[in-house]
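Student: Now for the letters of each chain:
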Amino acid sequence: MTQQKVLEIKNLNVGYETYRGVTDVIHHLDMEVIKKEKIGVIGESGCGKTTTMKTINRILPNNAVIKGGQVKFNGKNVLDMKKKELMKLRRKNVSMIPQDPTASLNPLFKVKTQMKDILKYSKEYDEEIDYKAKSIELFESVALSDPERVYDSYPFQLSGGMRQRVCIAMSLATPKDLLIADEPTSNLDVTIQNQVLNLIGNLLEERDLSAILVSQALGTVKKFVDKIYVIYAGTVIEIAKTDKLFSDPIHPYTIGLLEATPKLTGGGFSAGIAGQTPDYIDPPSGCRFRPRCPQYSDKCKNERPKLIEVEKDHYVACWGN
Amino acid sequence: MKKYIGKRLFWALVALIGLSIFIFYFGRIIPGDPIRMMVSPQTPEHVVEELRQSLALDRPIYTQYFIWMRNVFQGELGFSVYSRRSVTVDVQQYLPRSLELITYAALIQITGSFLLGIFAGSNIDKWQDHLTRLFSYIGVSVPAFVFAIIFLLVFSHNLGWFPSGGALSEGVSEPSRITGFIALDALLQGQFFTIGDFIHHATLPAIALAIPGMAQVARMIRSGMITINQKEYISMARGYGLPERIVRFKYLLRPSIIPGVTVLGMQIAMMLGNAFLVEMVFGWPGFSRFAINAMMRSDLNTIVATVLIIGIMFAIINIVVDTLVAYIDPRIRYSGS
Amino acid sequence: MANDNNEIEEIDEQVEEQVDEEADEQVEEQVEKLLDEKKESPLKDALKRRWYRFSKNPLSKIGLAIALTSIFLAIFGRYVVPHPAHAGLYRDYGNKFIEPFQTWTFPLGTDSYGRCVLSRTIMGFKYSIRMAAVVLSLVVPSGVVVGLVAGYHKDTWIDTLLMRTSDIFIAVPPLVLALSITAMLEPDPFYAMMAVSLMWWPWYARIAYNNVSSLVNEDFVKSAEIMGDSKLHIMFSEILPNCTGPILTKLTLDVGWVIIIGASLSFVGLGAQAPTPDLGTMVADGSGLLPTWWWVSIFPAMAISFIILGFNLLGDGVQDAFEEVGGGS
Numbered sequence: 001m002t003q004q005k006v007l008e009i010k011n012l013n014v015g016y017e018t019y020r021g022v023t024d025v026i027h028h029l030d031m032e033v034i035k036k037e038k039i040g041v042i043g044e045s046g047c048g049k050t051t052t053m054k055t056i057n058r059i060l061p062n063n064a065v066i067k068g069g070q071v072k073f074n075g076k077n078v079l080d081m082k083k084k085e086l087m088k089l090r091r092k093n094v095s096m097i098p099q100d101p102t103a104s105l106n107p108l109f110k111v112k113t114q115m116k117d118i119l120k121y122s123k124e125y126d127e128e129i130d131y132k133a134k135s136i137e138l139f140e141s142v143a144l145s146d147p148e149r150v151y152d153s154y155p156f157q158l159s160g161g162m163r164q165r166v167c168i169a170m171s172l173a174t175p176k177d178l179l180i181a182d183e184p185t186s187n188l189d190v191t192i193q194n195q196v197l198n199l200i201g202n203l204l205e206e207r208d209l210s211a212i213l214v215s216q217a218l219g220t221v222k223k224f225v226d227k228i229y230v231i232y233a234g235t236v237i238e239i240a241k242t243d244k245l246f247s248d249p250i251h252p253y254t255i256g257l258l259e260a261t262p263k264l265t266g267g268g269f270s271a272g273i274a275g276q277t278p279d280y281i282d283p284p285s286g287c288r289f290r291p292r293c294p295q296y297s298d299k300c301k302n303e304r305p306k307l308i309e310v311e312k313d314h315y316v317a318c319w320g321n
Numbered sequence: 001m002k003k004y005i006g007k008r009l010f011w012a013l014v015a016l017i018g019l020s021i022f023i024f025y026f027g028r029i030i031p032g033d034p035i036r037m038m039v040s041p042q043t044p045e046h047v048v049e050e051l052r053q054s055l056a057l058d059r060p061i062y063t064q065y066f067i068w069m070r071n072v073f074q075g076e077l078g079f080s081v082y083s084r085r086s087v088t089v090d091v092q093q094y095l096p097r098s099l100e101l102i103t104y105a106a107l108i109q110i111t112g113s114f115l116l117g118i119f120a121g122s123n124i125d126k127w128q129d130h131l132t133r134l135f136s137y138i139g140v141s142v143p144a145f146v147f148a149i150i151f152l153l154v155f156s157h158n159l160g161w162f163p164s165g166g167a168l169s170e171g172v173s174e175p176s177r178i179t180g181f182i183a184l185d186a187l188l189q190g191q192f193f194t195i196g197d198f199i200h201h202a203t204l205p206a207i208a209l210a211i212p213g214m215a216q217v218a219r220m221i222r223s224g225m226i227t228i229n230q231k232e233y234i235s236m237a238r239g240y241g242l243p244e245r246i247v248r249f250k251y252l253l254r255p256s257i258i259p260g261v262t263v264l265g266m267q268i269a270m271m272l273g274n275a276f277l278v279e280m281v282f283g284w285p286g287f288s289r290f291a292i293n294a295m296m297r298s299d300l301n302t303i304v305a306t307v308l309i310i311g312i313m314f315a316i317i318n319i320v321v322d323t324l325v326a327y328i329d330p331r332i333r334y335s336g337s
Numbered sequence: 001m002a003n004d005n006n007e008i009e010e011i012d013e014q015v016e017e018q019v020d021e022e023a024d025e026q027v028e029e030q031v032e033k034l035l036d037e038k039k040e041s042p043l044k045d046a047l048k049r050r051w052y053r054f055s056k057n058p059l060s061k062i063g064l065a066i067a068l069t070s071i072f073l074a075i076f077g078r079y080v081v082p083h084p085a086h087a088g089l090y091r092d093y094g095n096k097f098i099e100p101f102q103t104w105t106f107p108l109g110t111d112s113y114g115r116c117v118l119s120r121t122i123m124g125f126k127y128s129i130r131m132a133a134v135v136l137s138l139v140v141p142s143g144v145v146v147g148l149v150a151g152y153h154k155d156t157w158i159d160t161l162l163m164r165t166s167d168i169f170i171a172v173p174p175l176v177l178a179l180s181i182t183a184m185l186e187p188d189p190f191y192a193m194m195a196v197s198l199m200w201w202p203w204y205a206r207i208a209y210n211n212v213s214s215l216v217n218e219d220f221v222k223s224a225e226i227m228g229d230s231k232l233h234i235m236f237s238e239i240l241p242n243c244t245g246p247i248l249t250k251l252t253l254d255v256g257w258v259i260i261i262g263a264s265l266s267f268v269g270l271g272a273q274a275p276t277p278d279l280g281t282m283v284a285d286g287s288g289l290l291p292t293w294w295w296v297s298i299f300p301a302m303a304i305s306f307i308i309l310g311f312n313l314l315g316d317g318v319q320d321a322f323e324e325v326g327g328g329s
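Chains as they are written, first to last, in this note's numbering: chain Z, 1 to 321; chain H, 1 to 337; chain E, 1 to 329.
Source of the hints: derived by calculation from the structure; they are not laboratory data.
Any given hint could be a false lead.
To be verified - Capping the alpha-carbon separation at 27 Å, the derived lysine-lysine pairs in DSS-like fashion look like this: (1) H:LYS3 to Z:LYS134; (2) Z:LYS83 to H:LYS126; (3) Z:LYS67 to Z:LYS5; (4) H:LYS7 to E:LYS154; (5) H:LYS250 to Z:LYS92; (6) Z:LYS88 to H:LYS250; (7) Z:LYS120 to H:LYS3; (8) H:LYS250 to Z:LYS116; (9) E:LYS56 to E:LYS154; (10) H:LYS231 to Z:LYS54; (11) Z:LYS112 to Z:LYS76; (12) Z:LYS67 to H:LYS126; (13) Z:LYS176 to H:LYS126; (14) Z:LYS110 to H:LYS3; (15) Z:LYS67 to Z:LYS54; (16) H:LYS231 to Z:LYS123; (17) E:LYS250 to Z:LYS67; (18) Z:LYS92 to H:LYS231; (19) H:LYS231 to Z:LYS176; (20) H:LYS3 to Z:LYS116; (21) Z:LYS10 to Z:LYS312; (22) Z:LYS132 to H:LYS250; (23) H:LYS126 to Z:LYS54; (24) Z:LYS110 to H:LYS126.
So here's chain Z without its partners, still in its complex pose (with noise of 0.2 Å):
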C-alpha cells in the first residue's frame, strides 16, 4: 500500500424517491482512485455516472437515498461529514465541471459576481487580492477570448463553449485534490467538443491532478486517463487499464460497446447493443445486464457477479468466465 488512495467507494447503494416507490439505481458500486491517477468512467445514459459523481462531494438532489456504503476520500467517510468538513472538502478537495453549463451558471448573476465568491469564499486567497485580475488569469488559463468582457457579461450573453469554459475556470479557481468533469462536452456543438476536451486534457497534464473524466463514449476519454471503469445500471462491470481495455474487453456490454464505437465523437454508440438500461425500480436479478447479454446461463439470474481479478489490475463481473 505505498500509492495513496485519493477516492474509495466502498459497496455504494444509492436511490431516488419516485411515484412508484425508491429505485435501486447504484448498485454496489465500488471504484478507486491513486493519487495523480486520471480515471475514465464510462456507460450509458441513465446508468449512474452523474448520481455517483454528485455522491462524492454531496450535492445530489433532495428526492435521492443514499442507501449505504462508504465514500472515503483521503481516508474520510464523506457520507458522514459534518457540515463544516463538508464544507471544506467542497472547497479544498473536490471539484466538478458540469455536465450542462448552461443550466450550471446562475442565470441572474453576472459571471463576474459568482467568480468573485467562489474565489472570495475558498478562503485560498487574502481579502486584499484583486478578484479581476484572479479571475481573468483563469479565464485565459482555459482559453477564454476576451476575457474582460466575459468577466463582465451575463451568462446568456454566452455562447455554449465560452460557458463551459468559464465552468471550468470556476472550478480551477483553488488547486484541488480531484477534479470530476461530467460529461463535460455531452451539451457542446460538436466543433467545440474537441476544444474543450483538449483544454482539460491539457489542464490536467499541466497541474497533474487526480482526475475522472466521465462519458458516454470510450472514444472521448481514451487519449487523457490511465484506467477505465465500464458502468452498467449503476454497477462497475469491468475495470482495466486504458490500453488493455481496447486490446482485451471481456465483458460483453464493454465488447458492445467497442464494437459500437467507430468515431472519436461518439453518439448513436449504444445501437450495437439490443435493448435499453434496465427499469430501476425492478432491476433484474443477478446479474443486472442480463436481459440485455447475448450468452447467459442459469447462474446469472440468481447470483450479482463480484468484480474478479482475472489478470493483473483488470477486474471483471462476469460469470461468463
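Given the coordinates of chain Z, work out where chains H and E should sit on it, guided by the hints.
Tutor: Below, chains H and E without anything else, positioned relative to chain Z:
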C-alpha cells in the same frame, strides 16, 4: 428597457381607453334616464329638457363620449347625483384617504410576505414551514371582508386594542390641508399625536387588507425557493463550497422571488378592489366607501370615474412591478431592448 | 321581476346539472386512478403518476373531500337541514337570538327572526357553488377558445384584436368592475354572475394563448399542418390537450376566487337580497348585530372560508399532479 416600459405604457393606455368606452356605453344603454335621477320628481318638463341639452344628453352616445373625454382631460369628471357636486371634488377629498390606507397595507403586505415566504422556504417541511402554510391557507381562503369583521369583533370590540371605525378619534382634528394626506400633512406640521392616532385607526383595516395577498405571495416565494433549490446552478454553487447563507440568500433567493414579485403586484392591485369592502366595514372615510355609496344610488358619473381612476392606478402598479421584475431578471431587461 | 325569477330557476336547473357533472367527473377520475394499480397503457400510467403526485400531499385529499361535501350540500342541502322552511321569510320571534351550542334544535343558534343559523348556512352553499359553476362554465370555454384562436394566429391582426380586447376587462381589479356593472344594473344574483363572467374570461384566454404560442412552433403542430389537418382540428385536438394542466389548475383555484367575489358582491348588497340565505348576504346582515349576536354572521363567514379552503387545497393538488418535475439520473 425604455422601449419595454414605453410599450407597456402604450398598451395600458389603449386598454384604459377601451375600458372607458365600454363602461361609458354600458352606463348609457341601460334603461333609466340619467336626468330624472339628477332632479326631483316635481321638476317641470321644460327644465328637464334644458338640463338635458346643456349636458349634451340629447346627442348621440359617441358625441357624448367625446364631450365627456374632453372634460376628463380638463379634470372635470362630471356631476355626482349622490354627493350633488362635481365628482372631481369628491375624488380630491376622499382619494388621499384610500391611498394612505392602501400604501400602509402594501407596506405590511410586502414585509410580511417576504419574511414569511423566506422563513418557510428556508425551513422546508419543518414546523416553521407548516405554520406558514397553515397561515397561507387561511389567508387565501378567508375573504377580506370576513377578516375585517373578525378583526373588528376580536381586536376592537372584545379586546379594545383598536378603535372600531373612522380615521381619527373624536376631538382630534384633521391637519390643515397641504397634500390631502393626513399622515403627511400632520408630519409636515409636526402634529405627531395626530399621526399616532391616525396609524392607530388605520392598522386594523390595513392588516385586513394586507393578509389575503400576503398569504398568496408568501406561498409563491416558498414554492419558488423549492423549485430553484432543485436547479443545477444551486447544487453547483454548493459544490464550489460557497457558504450556505450565501447560496441561500443570494443565489437562491433572487431567482426565487420573481414569481412572488409578479403576484405581489397583482395583490397590491387587488387591494384596490378589496378596499371597497374593508372601508365599508371599518367606516373608513375613503374613496372606496364613497364610491360604494354612490354605486348603490346608481350614480353613473361617479361609477365611470371610479373605474377609470382605479384602472389608472392598476396600470401604474402593473408597470412598476414589470419594471421591478425586469430589474431583478436581466434576461428580460436585455431581451426587451 | 317574474321574468327574472324564471330565468333564475332555469339557471338553477342548469347549474345543478353542471354541479352533478362536475362531481361525477371527479369521482370517475378518482376511480380510474385507483383502479389501475397495474401499469398497462401509457395513459393509465400517466393517470397513476398524476394521482400519486396529487395524493402525496394529504391536504389535497382533504381538499377533495371538502369540495365534494360542498357540492353535495349545494345540491341536497335543503333535504339534510333540520329546518328547511327557514330559508325564506320565516318569523318565530319567540326563538330569536338563541345562542349557539345550547340546544340540539338550533345547534348554531338563531338569528333576529328566530331562524336556524345552521340550516340557513347549509342552504347557503347552493348560492356560492352556483355562482362558481355558472361563471366558470361560461368563462372557461369562451376564454380558452379566444386564447386558442389568438395564439394560433400569433402576430396577426386577429391576435392583436382579441388579446387587446381581453386586456380591457382585466385593466381593473375584478371586484371593482363587477361592483360597477352590477350597480348600474339592479342588485340581483343573475347580474352579478354575468358581471363576474364578463371580467373573468380574459384570464383563460391568457393561459390558452401563452400555451398555444409556445406550442405553435412545436414539431407535432408543424407536422399536423403538413399533413393538411384543418386549423380547427389542430387547435382543438393537437394543441388544446396540451394546455389541460394549467387550465384545470386555474379552474379549481378559481372556484375559490369566484366565490369570494360573489360573496363580496352580496356582502355589499349587490347580490342576492335579504330573505335568501346567501352566505355573503347573511354575513352582511349579521355584521350589524356584532358583537352581541356574533354567531349570526360568523358561522356563514366560516362556511364561505371552508368552501374556498377546500377548493384551494384541491387546486394545489391538481397543480402538483400536472407539474412536470425533472429528476436527476
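Student: Are the hints correct? Go through all of them and say.
Tutor: Structure-based check of each hint:
no. : hint                 : verdict
1   : H:LYS3 to Z:LYS134   : 37 Å, violated
2   : Z:LYS83 to H:LYS126  : 19 Å, holds
3   : Z:LYS67 to Z:LYS5    : 24 Å, holds
4   : H:LYS7 to E:LYS154   : 18 Å, holds
5   : H:LYS250 to Z:LYS92  : 22 Å, holds
6   : Z:LYS88 to H:LYS250  : 20 Å, holds
7   : Z:LYS120 to H:LYS3   : 38 Å, violated
8   : H:LYS250 to Z:LYS116 : 13 Å, holds
9   : E:LYS56 to E:LYS154  : 38 Å, violated
10  : H:LYS231 to Z:LYS54  : 14 Å, holds
11  : Z:LYS112 to Z:LYS76  : 34 Å, violated
12  : Z:LYS67 to H:LYS126  : 23 Å, holds
13  : Z:LYS176 to H:LYS126 : 36 Å, violated
14  : Z:LYS110 to H:LYS3   : 23 Å, holds
15  : Z:LYS67 to Z:LYS54   : 15 Å, holds
16  : H:LYS231 to Z:LYS123 : 25 Å, holds
17  : E:LYS250 to Z:LYS67  : 39 Å, violated
18  : Z:LYS92 to H:LYS231  : 23 Å, holds
19  : H:LYS231 to Z:LYS176 : 24 Å, holds
20  : H:LYS3 to Z:LYS116   : 32 Å, violated
21  : Z:LYS10 to Z:LYS312  : 20 Å, holds
22  : Z:LYS132 to H:LYS250 : 20 Å, holds
23  : H:LYS126 to Z:LYS54  : 25 Å, holds
24  : Z:LYS110 to H:LYS126 : 33 Å, violated
Consistency note: the structure conflicts with the earlier hints numbered 1, 7, 9, 11, 13, 17, 20 and 24.
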